[in-house]
Structure formats: structure tokens, C-alpha cells
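There are 2 protein chains.
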Amino acid sequence: MASRRGRISAKRKQGRGVPQLPYAAVNNPYPPMEVLTAGQVEKIVDGALTILETKGMRFLHAESGRLLVAAGGKEDPAQQSIRLDRAMVLEHLSWAPASFGLRARNPLHDLTIGGNNLVFTSVGGPAFCSDLDKGRRPGSYAELCDYLRLVQSINIIHQEGGGAFEAMDLPPLSRHLDLYLAQFTLLDKNVQAYALGRDRTVDCIEMTCIALATDRRELLDKPAVLGIINTNSPMQLDVPMSEAIIELASAGQVSCVTPFTLAGSMSPVSLAGTLVQQTAEVLATVTLVQCVRPGAPVIYGSFASNVDMKSGAPAMGTPEYTKMALASSQIARYLGLPSRSSNTTSSNCVDAQAAYESEMSLWGSVMGHTNLVNHAAGWLEGGLTASFEKLILDAEMLQMMAQTLEPLAVNEDELALQTIAEVPPGGHHFATEHTLARYENAFYPSMLSSRQNFESWQELGAQDTATRANRIWKTLLDEYQQPEMEASTQAALNDYVSQRKKEINQR
Amino acid sequence: MASRRGRISAKRKQGRGVPQLPYAAVNNPYPPMEVLTAGQVEKIVDGALTILETKGMRFLHAESGRLLVAAGGKEDPAQQSIRLDRAMVLEHLSWAPASFGLRARNPLHDLTIGGNNLVFTSVGGPAFCSDLDKGRRPGSYAELCDYLRLVQSINIIHQEGGGAFEAMDLPPLSRHLDLYLAQFTLLDKNVQAYALGRDRTVDCIEMTCIALATDRRELLDKPAVLGIINTNSPMQLDVPMSEAIIELASAGQVSCVTPFTLAGSMSPVSLAGTLVQQTAEVLATVTLVQCVRPGAPVIYGSFASNVDMKSGAPAMGTPEYTKMALASSQIARYLGLPSRSSNTTSSNCVDAQAAYESEMSLWGSVMGHTNLVNHAAGWLEGGLTASFEKLILDAEMLQMMAQTLEPLAVNEDELALQTIAEVPPGGHHFATEHTLARYENAFYPSMLSSRQNFESWQELGAQDTATRANRIWKTLLDEYQQPEMEASTQAALNDYVSQRKKEINQR
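Keeping their order, the protein sequence lines are chains Y and W. For what it's worth, our numbering labels the leading residue of the first sequence as 1, then goes sequentially. For what it's worth, our numbering labels the leading residue of the second sequence as 1, then goes sequentially.
Okay, chain Y solo, but in the shape it has when bound (with noise of 0.2 Å):
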């Protein structure tokens, strides 16, 4: 990743009409806002920490249990569930890393998840996709690989997501070979796996071996691989998750475990009973993890938020979201592990709540310096969809973020002294030579705002947002560079493809 001084030294990277900060590594310089007193922070991690001893945890997956339980686990017949004493607990624990690399196919594109790092992802997992010209539908391939070539193009967004939605025209149980193709040869930034199952997740290794002309013994210290491992709230891992953890921890990569746990319905209705909860989850399921190889890396994942109580819908970007978020990172610091959260909206357009429930996820998490934001940018409608115009406007506000943590600078030059005392009073700054020399690059350059005077937006159109963002992402489709990739290594992902989709048929 390149340093912070490379970043303010580089040269904008301008396209033909979309100026954007250039790639860089993005950390928050300041203390963390921290929403919890040491005590409290205590006393929910003791709170955790009692109810994997008295209650335990449900594993489905019996090879994971029989892990768990040959490692000092003990079997509650009554809760099916294994309990883990907190001696147990917190030694595996003690394992973990609280940051590790993770490579990308361009070096440049390597990642840092731990310490005050911002990692910003792209969208996954949607059922759907929307933009303004075909509305909310089913997503096909071809779409698929258009969001992950803006993904590549739009230079805040660090790691893509795994998957920004369903490729509804190929068959489920090959899909993921065909996401992980698009993947690997439309970016060369890190991509998240995906990580339902045992087989989609070796899939995902072996495929980046072969991208990254890299081995598992090489992948073991060096880690490429990420997938989100979300738990079944209450207190339950099922199997395909239990599997990616198997497949994942024991090829040294990561598993960033995220209990989904909207308060009320999930998970307790007060917040510190939901931190409680998913402080439980992520335990044992960081047990399990460190039970498979000790030293595997992991994350404390959370997406706490809550239930409209009048409704019983999702509510997202909402302040007890924001609260949440700070708080799950100060947990996850106290436990010596990196933090994830999300940026999140229920809003089913691009509008204004859509920017302002983005903006509070945002900002609970750059405060509270969580390491991995996941969802960073196109996630809309509670999750259910990917937008192409959403996709903009988070680049636009992750942007404006990155750009708000660096540091004013102060010294004389910045200070003007000079300067100010050259211009009469009630004049004005435009044409002095201090502003001369520096007006280029003085400013945040916006990709997405509208500076234009009430009257001159109105000629052209009263575009809003959404609309300019419409235009935006097809110019940055048309700019758009494929990285370039060793012909041998391409066939060799094609042929991985091939054979695989062959053993799938054959089943």
C-alpha cells in the first residue's frame, strides 16, 4: 500500500472526467472516540466470557464440536451446544494476531488489516442489482463484471467484496468459479472469497495461488485470502461456515467472523446485551479458528443494529448502529484483534437517506477506527441490492472521509503570514502569488458534488445526485484499464475453471 507521504505527493490521477484521489492507504491518525469506560468494556467481555462457560455455543458441524471438545470443550447435552471455559477462551485467543497483511494480485494493492488502517471494500452478497436506467433486478454476469471493473477503477475502495451480487444467469453450484475468474482478471486489488462451504473455498485458495503465482506453503505466512464468516445469532455456526472456517484457518488465511445481530430480534433488545452476545459468538468461534491452526488470522467482525420495533423490519444507519460500531471496535481492541464493520442504509433509493445512514455507519466506524469497513461502497436497500449509483456516492463520502484524517499542515509556508499581510483589508486572495502557486491541488477535488449556481443547474437539466452519479460510473466504465495479466496464468485459471465446472456436472 503506499505510504501516506506517497499519497500527497502523488499526482491526481484525473481520467477524462473523473478526478479522484489517487490509491492509498488510509489510517486515522487520531485517538479513537470511545464510547465505553475500561470498566464497561469489562464487563461485557466477562459477560461473554460467562455465557461460553454456562451456556455455550451450537456448532452444526460435527468435525468442528470434535475440535472444539479435543481441546478442552465440553458437550451440553441439554443446549446441544459445546460450553468453553474462559481459561480456554482466552488462551486461543491469545493467538490470534491483532494485524496481518494480506496480499493482492498487485503488490501496490497489498493491505494492512490491525492498528489505525481503514480498509474500504466493495459491496457483497446482494440478491440484486439496480441503477437508474434498468431499475431493481436480478443481476447477470455481464453486470456483475462491469461492477467489479468500476471496483477496480475507483481507487478509495482497497479490497473488492466477493461477489457485489448474484449472477442469476449461471448455474448456483458453479457460479463462484466464474465470480472468481471476473475477479482475478478484471482487478488486481485484494478480493474477498466466497466463503459458503468447504469446496467454494478452496476453490477461492487455489485460485489465488494461481493468480498471485503463489503456493499454500507461501500462503501460510503470507495471507491473501479473506471470507466473512457470519454466525447463525443466537449463539449457533452452522455448517458451510464451519467449513470455510476449516478451509481458511488451516491454509493460514482469514476468517472475519460477524455475528448478524439486528437488537431485539437476534440478540437481546439493549445494546449491551447485543455486545455481550457478539462478543460470546466471535470467542468461541475465534476458538474454533485458533483450534484449526493457532496463530490463523482473524476478525471481530460486527453488524449490530436494530429492529424497527413498530415494524420489526431491518433498521440500518441508524445512531444505535453508529454506537454499536465504535463500541464493537473498542471491544475488538481490548481482545487484540482487528475490528469490521459495514456501511449501511434501509433506503431502497440513492436519496438523501441513503447518504445520511451511509454517513452514520461511516462515521461510527473511521471514529472508533475500525480496521475493515465491509459494504463501504454500493450496498443499498438493507443489503438486498448492489447499486451502480450508490457504488458513486459511498466513493464520493469514503473520499471526503479519507480525506478529513489528513493531518492540516502547519508551518510557514502554510501559515501565509506574508500573504495576509499583502492583501489590503477587504480585498481578496484570488491572484496572490501564494494561491497562484498552490490553488491546483489545494482542495479536495469532488468526483459527485454540484457546485453550479441554482440557475445554471436548472439549465442543465436540475440533475440530482443519483443522476450525475448515472453519468459518472458508465464514464469510469469507458475509462476503464483491464490489468494486465501473464497469458500463461490466464489459462491456467481458465483450465482450474474448466475442470472444476466438469467435476461439478458430473455430481
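Be a bit skeptical, because a hint or two may be false.
Copies of one chain are not kept apart here, so a pair can be met inside one copy or by any two copies together.
[As the list claims (entries may be wrong)] Calculated pairs, SDA-like style, for lysine to any residue (alpha carbon to alpha carbon, straight line, at most 20 Å):
id, residue 1, residue 2
1, LYS310, GLY17
2, LYS310, ALA437
3, LYS74, ALA87
4, LYS501, TYR141
Don't read these hints as lab results, they were simulated from the structure. Only a predicted model underlies this, so the values are computations on that prediction, with no experimental measurement involved.
Fit chain W to the supplied structure of chain Y, relying on the hints for placement.
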């Protein structure tokens, strides 16, 4: 102002259709985000003091100049400015209070300006008004009164901003009297003065005495009037603003001193240089206030954004704006003054840009511990328009901010270990005793956000945020209840206005 405790326990005020948080003080209990080091703050303040010593500030109002010279200022004929040495400035600064109260007609709406308090003020000063029904237009007095009724009805707005827009159907020279009459009869919150020149300021002070059943003697110790004092950056103060200062300060009322600087035009293109100039202008003006009356309350105001260097247009809600809000509050704290910022956007409609630029402005203000957030609700189009729908959008965002600042409760009840143990793995918390006892008030009750699923949302007309906001302000207006006023007070206000209009018409 109701206490934090009062707020949490207060039953939520539910109108027929618009849920709201109860009226309450908002404060930020977390440490401020500090973007400058202590050494950087000192350098900026030292730079400002150096400018005042060597270049000075131009005061177009002769009486103000005489006051400053009498207190030790030195006339600089070349610059037509008055130079102020640092000892003089710092001595005058030391007389200004770090925090103070501000009375409202209803004592429950009294304000505290300073410390960790955040006061949210409605938009003041635009030339136009707008709503979705009639578009952007010059506003009438009837429309202004409707806007003021909404400001009274929206609990999260603590202070009215001195007239949301100009009532263009009224004569310019007496228009302020009709505004004051509306402010004091339609609201019982604190209202800002229309502090342009001597007469308008005096009229506000006199009508405040009538409306609050107080007199100028009591007002000296218990201020109730706040006027926004904009310098003419760079380094100049005009006659109407100086006249307002003299009337406000001599009556012991509040001057909110706010340079309006767009880096690259009215101030240096560098952020540090803009902070130097802004601080110099504030310090010179604060010195004038303290010359008029030692101890008169003042606020360090900042309105520092940047121009769009491609077009020269003002750019609002930018990362630069956010950083300047954070840095300005930090400098104000160093100087021992309360601070002021704004909620800004360049957007011409109530869309995603309006939301994300406002969020960037608000987060900078809230994280920086700004004490007075001016234009916190309703501002659109770079401040040229007061929008009825933006007022609702901002109210929602402000409420979310206030709720985010409410600390998490962590106690046995909230930790909910018993409930977590009760619910079987993979079950749900909807029907637990813990949930049922708490769900009604567990989460932030949104005023504006939609949580409908896509299909229901489409069936009900696919309303975006602005469309829903349009319905909400109409409901609030239907539900508006005018605060009671003694008939004699009303008569005295009417008499004052008639008498003054006569005087103005006889000129």
C-alpha cells in the same frame, strides 16, 4: 434547559403522526477530536497576534476606531487600519466569559453556550425559500411565519436563527419588526437578532425586554439576545456590523463574531493561513466588544470553507470545511471562548449531496465540541435558500446525532445475561420478557427514514426522502400550537411595532 436525566426519562412527545425526541439540551460527553497539536494551536494564535500588531484590522465605523485607539490601538494611515498589540488583545480577551446563559421566553428553553453543550439553531438569512410544491422563490411573510412555526415545533432545534428568509412582500426598512413580532409570538424558544445596523439591533433588545417581561438592567446579567457579526474578510469590519456590536455589547448581549472566509478568495488558499486570518479577525472584533463593555459575552465563530478552484464557486460541507470546524473549536477553547460553526451544503435540492455535505459539517461540529451550530436546520443552496424539506431532513440528522451522543448503559439489566441464556441457540429474542418490557422505547424513533421493504415502498409510491419530508412538515404545521402569551404582552409588542413603523415611515 432540561437535564440529560430529564431527557432520558421524559416520555417521548408523539404528535399525531410525527415521532420526535423531547426538547432537551444536547451535549457531547466524549473528548473533543483535536486535529491540531498544542504547538500548532500556539503557532496559529501567535500568527494572528502578529498580524494584528503589524498590519492591524480596518474598522470602517469611526466610533469603533476611536474606542480602540482610546484603549491603546494605533492608527496605521497606510493600511487605513488600527494595529493592536498582543498585550492589549490578550487583556481584552481575558474579560470575555468562557460560557454564559441565554434566556428564552419559555424558561424551559433557556440555553447554555459553552462547555460540552451543543446548541442547534435554525437557518437564518437566505434570500429565498423553497419547497417541493412551489419550488424556489422569494418568500412572503406568511411563509416566513409558517417556517417559524415549524422551528418552534421541532424539538431538536434549540434556537431560531434570526429569520429563515426575507419576507419580500414587506418593506425592507421595517421588515425586521414584523420578523421580531413573529419570533416572539410564534415561538417561545430563544431567537436570534437581525443584527444589521443600530436600529434593528436596538429594536430586538427592546422587544426582548417586552416579550420576556424584563428590562435592560436585568438583561445585563442575563443575556437573551444574540447577533451574528460577520467581518468583511479579509481584515475589515463594516459600519452596520460595528453598530450592532456597540448596541449588543453595551446591553451585555452576545456578539457571535464570524469571519466568512472561503480559502483562496477571502483568505489564504492554505487552511492554516485561513485559521490565522480568521483568528486575527475574531480577536480584533472581540477586543472591540470588550472595549464597549468588559465581560460582554462573545463567541468565536468560524465559517471557513473553500472555493472550488475550477469555477471559483463556494464549496460547502467539504473535507476542508470539516477540518476547519474541528480546528476552529480547538482554537476557541485555547482562547477561552465558546465556538460557533454551521451546517452547510452547496446542493440545490434535498438529495444525497445535501445530506452528505450536511453530515460532514455536523460531524465536524459535534466531534469538535462546537457550542453553537448555526444554520443547523433548513439551509440549502450554499445558504441562498431556506428549504422546508431540508428543515425536516436536518432535524432527523440532528436527532440522530443527539441520540448517538447518549452514552450506552451497561448494568446488570442491560447486559441481559439471563435473557441470552434463556433463548435457545438459533432462536429469537422477539418474545422474551426482557424485550417485551423494553421494546417501545429501546431505539431511536425515526421521523423521516423509511424501513419499508422494496415492494411495499414501490406500492406506496416509491417516495424518496424529500417527498416524505414534504408530508412531515405539513403534518407538523397542522399540529402546531402557538405558545401562550399574556394579552398585555402581545399588546405591548404590537404597540412597539406600530410606533416604530410610524417613525420609520416619517423619515
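Going through the hints against the structure:
1. LYS310 x GLY17: The answer is between: 13 Å across copies meets 20 Å, while 45 Å in one copy does not.
2. LYS310 x ALA437: between (57 Å within a copy, 14 Å between copies)
3. LYS74 x ALA87: Answer is within: at 13 Å inside a copy they meet the 20 Å cutoff, but 74 Å across does not.
4. LYS501 x TYR141: Intra 16 Å, inter 72 Å, cutoff 20 Å: intra-copy only.
Going down the numbered hints, you'll see the structure goes against none, and every one checks out.
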